[in-house]
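Enquirer: Mind the numbering: the sequence shown is residues 1 to 265 in UniProt numbering, read in order.
I should point out that these hints are in silico values taken from the structure, not numbers from a laboratory.
Each hint should be verified, as a subset may be incorrect.
To be verified - What follows is a set of in silico ranges between Cβ atoms, one per label pair, in the way DEER data are often shown:
1) Arg174 <-> Gly77: 32 to 40 Å
2) Glu128 <-> Ala235: 29 to 37 Å
3) Arg258 <-> Asp87: 34 to 42 Å
4) Asp49 <-> Glu177: 19 to 27 Å
5) Lys257 <-> Glu237: 21 to 29 Å
6) Lys257 <-> Val203: 23 to 31 Å
To be verified - Capping the alpha-carbon separation at 30 Å, the derived lysine-lysine pairs in DSSO-like fashion look like this:
7) Lys79 <-> Lys138
8) Lys248 <-> Lys189
9) Lys138 <-> Lys263
10) Lys63 <-> Lys257
11) Lys213 <-> Lys72
12) Lys63 <-> Lys189
13) Lys257 <-> Lys72
14) Lys138 <-> Lys63
15) Lys263 <-> Lys248
16) Lys213 <-> Lys138
17) Lys79 <-> Lys263
18) Lys72 <-> Lys263
19) Lys263 <-> Lys63
20) Lys79 <-> Lys248
21) Lys63 <-> Lys79
22) Lys257 <-> Lys138
23) Lys213 <-> Lys189
24) Lys79 <-> Lys257
Quick caveat, the model's predicted, so the values are computed rather than measured.
By construction, the Cβ of each residue, glycine as well, lies at the ideal position given by its N, Cα and C atoms.
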Amino acid sequence: MTRTTQAGALVERVGNVMVITINRPEARNAVNSSVSIGVGGALEEAANDPEVRAIVVTGAGDKSFCAGADLKAISRGEKLHAPGHEDWGFAGFVKHYVDKPTIAAVNGTALGGGTELALSADLIVAAENATFGLPEVKRGLIAGAGGVFRLPAQISQRLAMEMIFTGDPISAARALEIGLINQVAPEGKSVEVAIALAERIAVNAPLSVQASKRVAYGVVDEQRAEENDRWALSAAEWDRLALSEDAKEGPLAFAEKREPVWKAR
């Protein structure tokens, strides 16, 4: 096993499997530009290395897979994307298509951007203590990193809309029941189980696996073509909401530890 450290991420090789770990446990693996650089750069490395047959993405520690965007970095005026690679999207991952199968090993809380990271992977293994949810409506925002259209595409639309409208989280057991994830692993074992799943993929003909992924997603020019209009709509709605009073009230109420007062304007 080989291990390298990039900005914001730890990269390991286990046979033909690359394991990418968001390495900010002190910030519950919240995403800043260093995470986007590290994860996005590792995906590029994996895409260009014929020895890599599958990719596992996880977060450092056992409590938090990813806490979403780093709000402290945002408050300082910092950008979250990888400079020069804004097209990779949130965490260098959500819009960063690679032909090789990706597995999210969710090792704890995955709310907001954390759930959106998981939704961006092809497969999901979650520890028993994992939770998923899109709480953005509780903050006057929307899940702008793909969550509002990928969740209804991956589970029953009615269940997805309930999660999106309420913002309430669900457990790993519930996520398995509704088909959001592939497997539940014992606490602390999500990466181990995800690697085992990746190894089951890695024994197959790599070009066949990659071609199958492209066809399954309707990939054209390294983009999931059917998502292009949804990304544009999501960005437009985000920009419109960002100008509203409610979008300012949500984060302020959270910071002040009080219930928000919505004005619908």
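Enquirer: For every hint, state whether the structure bears it out.
Expert: These are the hints, each one checked on the structure:
A beta carbon spacing of about 38 Å between arginine 174 and glycine 77 agrees with the range 32 to 40 Å that was offered as a hint. Look at glutamate 128 against alanine 235: about 36 Å separates their beta carbons, and that is inside 29 to 37 Å. Between arginine 258 and aspartate 87, the C-beta spacing of about 38 Å keeps the proposed range 34 to 42 Å intact. A hinted range of 19 to 27 Å for the beta carbons of aspartate 49 and glutamate 177 is inconsistent with their spacing of about 37 Å.
Range check, lysine 257 to glutamate 237: Cβ separation about 28 Å, and the 21 to 29 Å hint holds. Distance hint check: the CB atoms of lysine 257 and valine 203 are about 51 Å apart, inconsistent with the given range 23 to 31 Å. Restraint check for lysine 79 and lysine 138: the C-alpha separation of about 23 Å stays at or below 30 Å, so the hint holds. As the CA atoms of lysine 248 and lysine 189 are separated by approximately 39 Å, the hinted pair breaks the 30 Å bound.
With a CA separation close to 13 Å, the supplied pair lysine 138 and lysine 263 stays within the 30 Å bound. For the given pair, lysine 63 sits about 22 Å from lysine 257 by alpha-carbon distance, which is consistent with the 30 Å threshold. Our distance criterion of 30 Å between C-alpha atoms is broken by lysine 213 and lysine 72, whose separation comes to about 37 Å. About 12 Å separates the Cα atoms of lysine 63 and lysine 189, which keeps this hinted pair within 30 Å; it holds.
With a CA separation close to 16 Å, the supplied pair lysine 257 and lysine 72 stays within the 30 Å bound. Distance hint between lysine 138 and lysine 63 is fulfilled; the C-alpha atoms sit about 22 Å from each other, no more than 30 Å. Proximity of lysine 263 to lysine 248 is assessed by CA-CA distance (about 11 Å); at most 30 Å being required, the pair is judged to hold. Between lysine 213 and lysine 138 the CA atoms are separated by roughly 35 Å; this puts the pair beyond 30 Å, and the hint is violated.
This hinted pair checks out: lysine 79 and lysine 263 have alpha carbons roughly 29 Å apart, not beyond 30 Å. A distance of roughly 26 Å separates the Cα atoms of lysine 72 and lysine 263; the hinted pair therefore holds under the 30 Å criterion. Between lysine 263 and lysine 63 the alpha-carbon distance is near 35 Å, which puts this suggested pair outside the 30 Å criterion. At roughly 18 Å between alpha-carbon atoms, lysine 79 and lysine 248 fall within 30 Å of each other, so this suggested pair holds.
For the proposed pair lysine 63 and lysine 79, the alpha carbon gap of about 26 Å is at most 30 Å, so the pair holds. Straight-line distance between C-alpha atoms of lysine 257 and lysine 138 comes to about 13 Å, which keeps the hinted pair within the 30 Å bound. With a C-alpha separation of about 27 Å, the suggested pair lysine 213 and lysine 189 falls inside the 30 Å cut-off, and the hint holds. For the suggested pair lysine 79 and lysine 257, the alpha carbons sit about 26 Å apart, so the restraint of at most 30 Å is met.
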